Amino acid sequence: MISIENLCVEFSAKPLFAGVSYVINARDRIALVGKNGAGKSTMLKIIAGLQQPTSGTVALPKETTIGYLPQVMVVRDERTVRQETELAFAHIHEMQAELDQMNRQLAERTDYESEEYMALVERFTQTDERFHLMGGMNYQAELERTLTGLGFRQTDFDRPTGEFSGGWRMRIELAKILLQRPDVLLLDEPTNHLDIDSIQWLEQFLINHQGAVIMVSHDRAFINNVTNRTIEISCGQIYDYKVKYDEYVVLRAERREQQLRAYENQQKEIAETRDFIERFRYKATKANQVQSRIKALEKIVPIEIDEVDNSKLRLRFTCSQRSGDFPIICDDITKAYGETPVFSHVNLQLRRGEKVAFVGRNGEGKTTLVKCIMGAIPFEGNLKIGHNVEIGYFAQNQAQLLDEELTVFDTIDRAARGEIRTKIRDILGAFMFGGEESDKKVKVLSGGERTRLAMIKLLLEPVNLLILDEPTNHLDMRSKDVLKEAIRQFDGTAIIVSHDRDFLDGLVSRVYVFGGGKVREHLGGIYDYLKTQSNLSIKGKDFGTQDSSHQAKPAALPSREGQGTSGSLAWAEQKAQARQRKKLEKAVSDAEQAVAELEQAISILETKMSTPEGSADISLYEKHSRLKQQLAKAEEEWTLAMEQLDTL
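Counted from 1, the sequence shown has number 237 at position 198 by the numbering used here; the numbering is strictly sequential.
Bear in mind the hints are in silico, worked out from the structure with no lab data behind them. This structure is a prediction, so every number in the text was calculated from the model and none was measured. We put the beta carbon where it would ideally sit given N, CA and C, even for glycine. Where hints are given, some of them may not hold.
Claimed, not checked - Mimicking SDA-like on lysine to any residue, the simulated pairs with C-alpha atoms at most 25 angstroms apart in a straight line are:
1. K519 with R456
2. K496 with G468
3. K215 with T103
4. K84 with K101
5. K410 with L497
6. K215 with S642
7. K625 with Q668
Said to hold, decoys possible - Per label pair, the in silico range of CB-to-CB distance:
8. Q179 with S664: 17 to 23 angstroms
9. G58 with K570: 45 to 51 angstroms
10. K53 with L138: 50 to 56 angstroms
11. R361 with P199: 48 to 54 angstroms
12. T103 with E152: 41 to 47 angstroms
13. Q179 with F448: 53 to 59 angstroms
Turn these sequences into a full structure, and let the hints guide you.
Right, here's the structure in full:
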């Protein structure tokens with residue numbers, strides 16, 4: 040489908056990569072990997088046609104469409120969410136306008152027998168058929184399905200985009216790209232602003248997408264679930280593996296061992312050649328042999344070895360003095376901003392040494408509860424910080440507190456104590472500050488680099504309670520492995536706010552789920568929790584909505600069942616609501632399955648209709664019309680069930 044030939048990119052005469060050639064096929068699911076700065080984002084921009092290579096070509100068929108989602112983009116704020124997303128259907132709007140214009144001409148003209156009139160009728164008929172084939176009458180339902188899948192509620196659709204944070208506006212851009220159904224999707228860190236349920240919805244969308252997908256992502260679970268091919272950029276070259284990421288990691292380790300052996304053999308050969316030249320340089324009888332060896336030495340192309348894998352580096356957070364048995368106890372914590380409630384009657388307690396996760400949709404209150412624990416904002420209820428608790432807090436704004444005049448190395452050198460000072464260079468390398476990067480001043484670092492530096496600094500501070508708010512957003516997979524192992528080995532207590540399933544897997548023993556103004560406890564790890572959510576992949580389902588049978592109550596706190604206080608449902612009402620919710624979720628699931636089956640049947644039929652034989656078969660057009668009517672009905676049923684579920 041797309042052919043890349045002898046691609047070369049240079050910055051200031053320094054090659055980023057050279058002689059790169061590969062082919063992207065129609066149904067490829069490619070993970071583009073490599074260390075930061077290897078050229079992954081540059082590669083996507085070149086394929087998208089937004090950047091020109093120094094040399095080489097990118098050849099693609101004339102009609103191929105490309106959708107590109109960059110890491111950062113400027114989003115305009117003068118439209119509502121629905122209006123902005125509808126821009127994805129500009130071609131349908133243009134076709135609708137064309138149909139309206141032809142319809143007016145047909146109504147106004149009276150030369151019914153003329154060739155021009157008959158030609159207009161024919162053009163109107165063909166355009167109208169194409170309009171219906173492209174889903175012109177049903178695009179609103181598809182738009183709402185996609186926005187709901189990415190975490191928007193029905194009530195959000197008509198809100199101005201300016202009311203949303205940058206992360207939510209990036210979701211709107213992602214929705215627009217997905218709705219355009221391009222032949223090739225280029226996604227640069229698409230999960231950075233998504234929560235777990237939205238990530239899982241996006242996984243299913245990409246798996247079912249009919250075109251090619253090329254993505255850059257540090258979410259291991261996401262790329263393992265979606266991709267079937269891994270292309271690594273390393274040492275200015277690419278290495279193409281026809282396997283998913285986890286299998287690539289194994290093959291890459293084997294390749295590096297081979298490189299090391301070849302490198303050692305080459306170095307031995309070079310040393311022997313130089314030794315021969317030095318020994319016989321001034322002997323006339325060996326002059327020809329010496330010259331031959333000199334020429335051979337000049338022709339040797341040095342073997343490059345992939346960057347050192349620092350994921351094996353073992354680091355530990357420094358645990359200070361022993362805290363009390365219960366570092367944090369929350370009793371009836373309620374928080375609202377004005378008339379807008381965030382959550383109510385939150386009850387939880389953490390035992391010393393526990394590692395727990397806060398998960399849920401963005402905006403459901405995870406960071407808000409963290410701020411309550413830190414005493415940064417007022418709240419209602421009782422919150423007790425245990426005896427001798429010393430908190431180490433990592434937030435996104437943590438990077439703003441760094442001294443901008445210090446270098447990266449000096450920042451960590453001042454924070455390090457004891458034996459760890461001998462490993463500062465290794466630590467910096469593990470978090471992508473190796474070599475000359477460690478001599479940069481903080482003031483010239485990007486936002487992501489500052490965030491990583493703040494994480495390293497926290498790693499070295501003596502605390503006994505860690506609170507980490509989205510700690511992995513700017514880390515590559517190796518850095519995340521180092522951080523995960525450090526948290527696992529930490530003797531103190533940890534609260535981790537994260538949407539990274541692979542990072543949380545095997546790290547936390549309890550999950551607190553934020554959703555619908557409540558915080559529910561689930562005993563077990565992240566995948567154990569996800570398995571209990573049989574309908575998690577339903578588009579629009581709130582992350583954290585679950586059957587009451589899965590609601591674990593805090594062991595040492597009084598149950599609040601049956602209380603009639605504001606914000607709390609009576610037990611019987613909870614059971615009735617749970618049954619109604621389960622019924623509606625099944626209706627949504629059934630309707631969604633019907634839509635998917637009808638869409639697949641229509642796609643198969645349209646493929647037949649596009650052939651010379653099929654285009655002449657009238658029965659196919661009749662069947663296509665019936666299927667379209669059935670699809671419209673199924674989508675109406677899905678929308679109705681979703682609205683009822685949202686209301687509940």
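Status of the hints after comparison with the structure:
This hinted pair checks out: K519 and R456 have alpha carbons roughly 23 angstroms apart, not beyond 25 angstroms. The straight-line distance between the Cα atoms of K496 and G468 is roughly 14 angstroms, inside the 25 angstroms bound, and the hint therefore holds. Taking the CA atoms of K215 and T103, the gap is near 18 angstroms; set against the 25 angstroms cutoff, the hint holds. For the hint pairing K84 with K101, the CA-to-CA distance comes to about 18 angstroms; that is within 25 angstroms, so the pair holds.
Between the alpha carbons of K410 and L497 the distance comes to roughly 18 angstroms, so the proposed pair stays at or under 25 angstroms and holds. For a cut-off of 25 angstroms, the pair hint linking K215 to S642 stands: about 21 angstroms separates their Cα positions. Of the pairs offered as hints, the one joining K625 and Q668 holds, with about 23 angstroms between alpha carbons and a cut-off of 25 angstroms not exceeded. About 20 angstroms separates the C-beta atoms of Q179 and S664, a value consistent with the hinted range of 17 to 23 angstroms.
One distance hint, 45 to 51 angstroms for the beta-carbon pair G58 and K570, holds here, with the actual separation near 46 angstroms. The given range of 50 to 56 angstroms is respected by K53 and L138, whose C-beta atoms sit roughly 54 angstroms from each other. Distance hint check: the CB atoms of R361 and P199 are about 51 angstroms apart, consistent with the given range 48 to 54 angstroms. A beta carbon spacing of about 43 angstroms between T103 and E152 agrees with the range 41 to 47 angstroms that was offered as a hint.
Under the hint 53 to 59 angstroms, the C-beta atoms of Q179 and F448, about 56 angstroms apart, fit the expected range.
Checked against the numbered hints above, the structure breaks none of them.
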